[in-house]
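Asker: These protein sequence lines are chains A and L, in that order.
Per the working numbering, the first sequence starts with residue 1, numbered consecutively.
Per the working numbering, the second sequence starts with residue 251, numbered consecutively.
Be careful, since some hints might not be right.
As the list claims (entries may be wrong) - Derived pair list, reagent style EDC-like, types lysine to aspartate or glutamate, alpha-carbon separation capped at 20 Å: (1) 221/A x 13/A; (2) 315/L x 298/L; (3) 721/L x 114/A; (4) 694/L x 113/A; (5) 428/L x 579/L; (6) 329/L x 316/L; (7) 676/L x 114/A; (8) 50/A x 693/L; (9) 108/A x 119/A; (10) 450/L x 398/L; (11) 676/L x 144/A; (12) 705/L x 144/A; (13) 226/A x 237/A; (14) 50/A x 679/L.
Claimed, not checked - Examples of chain L residues lying across from chain A (beta carbon under 7 Å, computed): (15) 318; (16) 322; (17) 324; (18) 575; (19) 680; (20) 683; (21) 684; (22) 686; (23) 689; (24) 690; (25) 725.
Claimed, not checked - So the derived label-pair ranges between C-beta atoms look like this: (26) 229/A x 675/L: 55 to 61 Å; (27) 327/L x 61/A: 33 to 39 Å; (28) 665/L x 129/A: 51 to 57 Å; (29) 112/A x 395/L: 50 to 56 Å; (30) 650/L x 144/A: 25 to 31 Å; (31) 144/A x 455/L: 20 to 26 Å; (32) 249/A x 675/L: 40 to 46 Å.
Since the hints were derived computationally from the structure, they do not count as laboratory data.
All C-beta atoms, glycine included, are put in the ideal place defined by N, C-alpha and C.
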Amino acid sequence: MLKIKNLHASVEDKSILKGINLEIKPGEVHAIMGPNGSGKSTLASVIAGKEDYEVTDGDIFFEGQDINELAAEERAHKGIFLSFQYPVEIPGVSVTNFMKTAINETRKAKGLEDMPAKDMLKLIREKAELLEIDRKFLSRSLNEGFSGGEKKRNEIFQMAMLEPKLAILDETDSGLDIDALRIVANGVNKLKSKDNAVLVITHYQRLLDYIVPDFVHVLYKGRIVKSGTKELAHELEEKGYDWIKEEVNA
Amino acid sequence: MNKYTEDDLREELKTKEYEYGFYTDIKSDTFPIGLNEDIVKAISLKKEEPQWMTDWRLEAFKAWKEMTEPEWANVHYAKPDFQAISYYSAPNSKPKYNSLDEVDPELLATFAKLGISLDEQKKLSNVAMDVVVDSVSVATTFKKTLGEKGIIFMSISEAIKEHPELVKKYIGTVVPQKDNFYAALNSAVFSDGSFCYIPKGVHCPMELSTYFRINQAGTGQFERTLVIADEGSYVSYLEGCTAPSRDENQLHAAVVELIALDNAEIKYSTVQNWYPGNAEGKGGVYNFVTKRGLCETNAKISWTQVETGSAVTWKYPSCVLKGDNSVGEFYSIAVTNNYQQADTGTKMIHLGKNTKSTIISKGISAGKSQNSYRGLVKISPNADNARNFSQCDSLLMGNDCGAHTFPYIEAKNKSARIEHEATTSKIGEDQIFYCNQRGISTEKAIALIVNGFSKDVLNKLPMEFAVEAQKLLEISLEGSVG
Ligand SMILES: Nc1ncnc2c1ncn2[C@@H]1O[C@H](COP(=O)(O)OP(=O)(O)O)[C@@H](O)[C@H]1O
Ligand SMILES: [Mg+2]
Numbered sequence: 001m002l003k004i005k006n007l008h009a010s011v012e013d014k015s016i017l018k019g020i021n022l023e024i025k026p027g028e029v030h031a032i033m034g035p036n037g038s039g040k041s042t043l044a045s046v047i048a049g050k051e052d053y054e055v056t057d058g059d060i061f062f063e064g065q066d067i068n069e070l071a072a073e074e075r076a077h078k079g080i081f082l083s084f085q086y087p088v089e090i091p092g093v094s095v096t097n098f099m100k101t102a103i104n105e106t107r108k109a110k111g112l113e114d115m116p117a118k119d120m121l122k123l124i125r126e127k128a129e130l131l132e133i134d135r136k137f138l139s140r141s142l143n144e145g146f147s148g149g150e151k152k153r154n155e156i157f158q159m160a161m162l163e164p165k166l167a168i169l170d171e172t173d174s175g176l177d178i179d180a181l182r183i184v185a186n187g188v189n190k191l192k193s194k195d196n197a198v199l200v201i202t203h204y205q206r207l208l209d210y211i212v213p214d215f216v217h218v219l220y221k222g223r224i225v226k227s228g229t230k231e232l233a234h235e236l237e238e239k240g241y242d243w244i245k246e247e248v249n250a
Numbered sequence: 251m252n253k254y255t256e257d258d259l260r261e262e263l264k265t266k267e268y269e270y271g272f273y274t275d276i277k278s279d280t281f282p283i284g285l286n287e288d289i290v291k292a293i294s295l296k297k298e299e300p301q302w303m304t305d306w307r308l309e310a311f312k313a314w315k316e317m318t319e320p321e322w323a324n325v326h327y328a329k330p331d332f333q334a335i336s337y338y339s340a341p342n343s344k345p346k347y348n349s350l351d352e353v354d355p356e357l358l359a360t361f362a363k364l365g366i367s368l369d370e371q372k373k374l375s376n377v378a379m380d381v382v383v384d385s386v387s388v389a390t391t392f393k394k395t396l397g398e399k400g401i402i403f404m405s406i407s408e409a410i411k412e413h414p415e416l417v418k419k420y421i422g423t424v425v426p427q428k429d430n431f432y433a434a435l436n437s438a439v440f441s442d443g444s445f446c447y448i449p450k451g452v453h454c455p456m457e458l459s460t461y462f463r464i465n466q467a468g469t470g471q472f473e474r475t476l477v478i479a480d481e482g483s484y485v486s487y488l489e490g491c492t493a494p495s496r497d498e499n500q501l502h503a504a505v506v507e508l509i510a511l512d513n514a515e516i517k518y519s520t521v522q523n524w525y526p527g528n529a530e531g532k533g534g535v536y537n538f539v540t541k542r543g544l545c546e547t548n549a550k551i552s553w554t555q556v557e558t559g560s561a562v563t564w565k566y567p568s569c570v571l572k573g574d575n576s577v578g579e580f581y582s583i584a585v586t587n588n589y590q591q592a593d594t595g596t597k598m599i600h601l602g603k604n605t606k607s608t609i610i611s612k613g614i615s616a617g618k619s620q621n622s623y624r625g626l627v628k629i630s631p632n633a634d635n636a637r638n639f640s641q642c643d644s645l646l647m648g649n650d651c652g653a654h655t656f657p658y659i660e661a662k663n664k665s666a667r668i669e670h671e672a673t674t675s676k677i678g679e680d681q682i683f684y685c686n687q688r689g690i691s692t693e694k695a696i697a698l699i700v701n702g703f704s705k706d707v708l709n710k711l712p713m714e715f716a717v718e719a720q721k722l723l724e725i726s727l728e729g730s731v732g
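All chains should be modelled from the sequences, with the hints used to inform the complete structure.
Answerer: Okay, here's the thing in C-alpha cells:
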C-alpha cells in the first residue's frame with residue numbers, strides 16, 4: 001500500500017529525513033517510535049504532502065503510484081489521512097460543516113454528487129456514537145477552545161468519517177486520559193480491516209497496548225535505526241532510548 | 251487640466267447647451283455633461299416635480315458649490331471631474347445588447363457561478379428580453395399583499411407625486427442636504443431611488459427587496475432611498491443583489507435615510523457588488539454613500555452589509571439614537587481584493603437615555619488592497635446609561651494588503667459603558683494544509699475560513715441573502731492566494 005524508498009527531505013535547507021525505507025501492506029499496523037525531534041512528524045507531513053517540506057531524494061509510492069507530485073488534497077482523495085499532532089483552529093467553522101465540506105470535496109474529486117443530507121446526518125450520528133462524542137460538540141468551531149483530549153478525539157472522529165485507506169496517527173495518545181485513550185483506540189480498531197492500514201506515531205508503549213502493531217520502527221536523527229515486532233516497544237518502554245542512541249553513535 | 255478656469259467651463263457649457271439644443275429640447279434622453287443651476291432645475295422639471303422639490307434641490311446645489319470633496323478617508327484615487335458627468339439620462343433607456351452572446355463572457359461566467367438563471371442574466375446585463383410571466387406574476391402578488399397592509403413601496407419619483415406630504419415631511423431630516431459633499435450632490439441631482447412607508451403597527455410580512463423595483467427603473471448613479479417605519483411597525487429591507495453590477499458610471503453617490511418612529515424596527519441589509527475594476531486596478535466604480543437612520547423611543551435599526559465591490563468605497567451607515575431605549579446595530583463584512591480600497595464603518599450617536607449600540611465589523615483584505623474600518627461612538631451628555639460594544643476583526647490574506655482600524659470614541663456622560671475589541675489575523679499555511687489534508691482544495695479552504703470568520707455577520711442576513719452572500723465571498727476571493 002505504502003512504499004517509501006530512500007526518502008530524504010529537508011525544510012528551509014535543513015536536512016531532516018535522511019534515507020527512510022518503509023513498506024506498509026494492507027491490513028498491517030506499524031508503529032514509529034523515537035525521541036523528540038527525530039523527524040516523526042516530518043515523515044508524516046511529507047507523506048501527506050505538506051509543501052514546506054522538500055523531498056530531495058527517494059520516492060513515495062501509494063498503491064503503486066508515485067505520489068511525490070500530487071498535492072496534499074489529491075493524496076487525501078486517494079485515502080491518506082493524517083491525525084495531526086497539533087490540530088489547528090478554524091474559528092467559525094463547525095465540526096459538522098468542516099466534515100461535510102471534506103466529504104463532499106472528496107466525492108467531487110471522484111466524480112460523485114454531494115452526499116444527500118440525510119445520509120450525511122446518519123453517518124455523523126453513527127461515527128459520533130462510535131467515539132462517544134456529544135452532539136453539541138459537533139456544532140462548535142473546529143478545535144477552537146478544545147482541550148487537548150477533545151482535539152485528538154475529534155481527529156479520530158474525522159478519520160472515522162473519511163474512512164481512509166492509510167491512517168497516520170501522529171501522537172494521538174498525547175493529551176488523552178486513560179478513558180479517552182480507550183475510546184479512541186477502540187474507534188481505530190473498529191475501523192481496521194484487511195484492506196486498510198495504520199501508521200501509529202507515538203512516544204509511549206501505552207497506546208500500543210490497545211492498538212497492537214505488527215511492526216515497530218525506531219526513528220532517530222532522520223533514519224529508521226531499528227525495526228522489530230511489538231516486543232521492541234516493550235523493550236523501549238523499559239530501557240528508554242539511550243541504548244539505541246549509543247548503538248547508533250557507536 | 252489645472253489651467254481650466256471657470257470661464258472656460260462656462261464657455262464650454264454654453265457651447266454644449268447650444269450643441270444639444272438644451273433649452274429647447276427638454277425631451278432629450280440624456281443631458282449634456284456638467285452641473286449648474288439650470289441642470290438641477292431641468293432634472294426636476296423632467297421628473298415633473300412640484301416646486302418645493304425643485305427648491306429643495308436648488309438649496310442643496312447651492313450648498314454643494316461651497317463644499318470641497320473630503321480627503322480624510324484612507325483612500326487614494328483620481329478625483330472625479332464633476333463637470334464631466336451627465337446628470338440625467340432617461341431611466342428606460344433601451345437595452346444595450348440584443349443577445350447574451352454580445353455580453354462579456356467573464357461576466358456571464360460569474361453569473362453562472364452565482365447560480366443566476368438565464369432570464370435574470372439577461373435582465374442584469376441589459377439584454378432585450380420578453381416579459382417573463384413568472385416574475386411579473388410574482389411582482390403582482392407582491393404588490394397586492396403590500397397594498398392590503400397599507401404599505402407603500404415605490405420609486406421615490408412616484409412617491410414625490412403620489413405621497414408628497416410624506417416625502418416632504420421626512421426627506422432630508424436624517425441626512426440634511428448640507429450633510430457632506432456627496433450627500434449635497436445627491437440631494438441636488440438624485441435621479442431615482444426607493445420609497446417605503448410602513449403604517450403604524452404593521453409588521454411587513456415579506457422582505458422588501460429593491461430587486462422588484464429595479465425591474466421598473468434602473469439603478470441610478472445618484473440614488474435616494476427613504477424608508478419610514480411608523481410607530482410599532484417592522485420592516486426588513488434588502489438592497490442590492492449579488493450579481494456583479496457593471497456600470498458605465500464611475501461615480502456613485504447614494505443617500506439612504508431610515509426613520510424608525512416609536513417602537514418601530516428597521517432591518518436594512520445590503521449586498522453590494524459594484525464592479526471593482528480589473529486585476530490591475532483599472533476601471534471600477536467609486537462608491538460614496540451616506541446612509542443614516544434615526545431611532546425614536548424604543549426603536550431599533552440594524553444595518554447589515556456585505557461589501558465586495560467598488561474600486562473605492564466610502565461608506566458609514568450610522569444610527570442616531572435619539573429616543574430613550576433605542577437600539578442601533580451595525581454588522582458588516584467588507585472584502586477587498588486586488589487594488590480595491592475601502593474606508594467603511596459606522597457612527598453610533600447616542601442621544602437618548604439607556605440607548606444601546608452594537609458594532610461588528612469584519613474586514614477581509616487580499617491582493618494589494620487596503621481595508622479600513624472607521625467608527626465613531628458618541629455619547630452625548632444626556633445619554634445616561636448608554637452602552638456600546640464594538641468588535642472589529644481583520645483577516646489578511648498575503649503580505650501585500652493592509653487592514654486599518656480607526657475607532658473614535660467621544661463620551662460626554664460618565665455613566666457610559668463602551669467596550670471595544672479588535673483582532674487581526676492571517677490565514678495560516680497550517681490552516682490551509684489542515685484543510686488540504688482533509689481533501690479540501692486551497693481555494694475552497696479559503697472560502698471556508700473566510701465564511702467562518704464572517705459568520706457572526708452572515709448570520710444576521712435573511713436566510714436567502716446569506717446563502718448568496720457566502721457564494722459571493724468565495725467568488726470575490728478567487729485566485730487571491732497563489
Ligand atoms: N517547519 C520547520 N522548520 C524548521 N525546522 C523544522 C520544521 N519542522 C521540523 N523541523 C525540525 O525538524 C526536526 C524534526 O522535527 P519533527 O519531525 O517534528 O520531530 P518529532 O515529530 O520526531 O518530534 C526538529 O529538529 C525540528 O526542529
Ligand atoms: Mg512530532
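Asker: Next, verify each hint and record whether it holds.
Answerer: Going through the hints against the structure:
Note on residue 221/A and residue 13/A: the hinted pairing holds, with a Cα-Cα distance of about 16 Å set against a maximum of 20 Å. Of the pairs offered as hints, the one joining residue 315/L and residue 298/L is violated, with about 24 Å between alpha carbons and a cut-off of 20 Å exceeded. Using a Cα cut-off of 20 Å, the hinted pair residue 721/L and residue 114/A holds, with the two alpha carbons roughly 17 Å apart. Using a Cα cut-off of 20 Å, the hinted pair residue 694/L and residue 113/A holds, with the two alpha carbons roughly 17 Å apart.
Among the hinted pairs, residue 428/L with residue 579/L is inconsistent with the structure: their alpha-carbon atoms are about 25 Å apart, more than 20 Å. For a cut-off of 20 Å, the pair hint linking residue 329/L to residue 316/L stands: about 17 Å separates their Cα positions. As the CA atoms of residue 676/L and residue 114/A are separated by approximately 30 Å, the hinted pair breaks the 20 Å bound. For a cut-off of 20 Å, the pair hint linking residue 50/A to residue 693/L stands: about 16 Å separates their Cα positions.
Proximity of residue 108/A to residue 119/A is assessed by CA-CA distance (about 16 Å); at most 20 Å being required, the pair is judged to hold. With a CA separation close to 14 Å, the supplied pair residue 450/L and residue 398/L stays within the 20 Å bound. Pair hint residue 676/L plus residue 144/A holds up; C-alpha atoms about 16 Å apart against a cutoff of 20 Å. This hinted pair checks out: residue 705/L and residue 144/A have alpha carbons roughly 14 Å apart, not beyond 20 Å.
Only pairs whose Cα atoms come within 20 Å are accepted, and residue 226/A paired with residue 237/A is accepted, the gap being roughly 15 Å. The straight-line distance between the Cα atoms of residue 50/A and residue 679/L is roughly 10 Å, inside the 20 Å bound, and the hint therefore holds. Taking 7 Å as the C-beta cut-off, the interface hint given for residue 318/L is violated, the closest approach to chain A being about 42 Å. Look at residue 322/L: its Cβ only gets to about 33 Å from chain A, farther than 7 Å, so that hint breaks.
Residue-level restraint check for residue 324/L is violated (minimum Cβ-Cβ distance to chain A is 26 Å; threshold 7 Å). The interface hint given for residue 575/L is broken, as the beta carbon of that residue sits about 31 Å from the closest beta carbon of chain A, more than 7 Å. Interface restraint check for residue 680/L: the shortest CB-CB distance to chain A comes to about 5 Å, inside 7 Å, so the restraint holds. Annotation: interface hint on residue 683/L holds; nearest CB of chain A at approximately 5 Å, less than 7 Å.
Hint status for residue 684/L: holds, given a least beta-carbon distance of 5 Å to chain A, under 7 Å. The closest approach between the C-beta of residue 686/L and any C-beta of chain A is roughly 4 Å, which is under the 7 Å cut-off, so the hint is satisfied. A distance limit of 7 Å between C-beta atoms decides the matter here; for residue 689/L the minimum to chain A is near 4 Å, and the interface restraint holds. Because the closest C-beta pair between residue 690/L and chain A is about 5 Å apart, less than 7 Å, the hint holds.
For residue 725/L, the shortest C-beta to C-beta distance to chain A is roughly 17 Å, which exceeds 7 Å, and the interface hint is violated. As the Cβ distance of residue 229/A to residue 675/L is approximately 47 Å, the hint placing it in 55 to 61 Å is violated. A hinted range of 33 to 39 Å is violated for the C-beta pair residue 327/L and residue 61/A, which are about 56 Å apart. Distance hint check for residue 665/L and residue 129/A: the Cβ-Cβ separation is about 52 Å, which falls inside the suggested range of 51 to 57 Å.
Checked against the given bound of 50 to 56 Å, the beta carbons of residue 112/A and residue 395/L, roughly 42 Å apart, lie outside it. Between residue 650/L and residue 144/A the beta carbons are some 28 Å apart, a value that agrees with the proposed interval 25 to 31 Å. Range check, residue 144/A to residue 455/L: Cβ separation about 38 Å, and the 20 to 26 Å hint is violated. One distance hint, 40 to 46 Å for the beta-carbon pair residue 249/A and residue 675/L, holds here, with the actual separation near 44 Å.
Figure legend: structure checked against the earlier numbered hints; hints not met, in rising order: 2, 5, 7, 15, 16, 17, 18, 25, 26, 27, 29 and 31.
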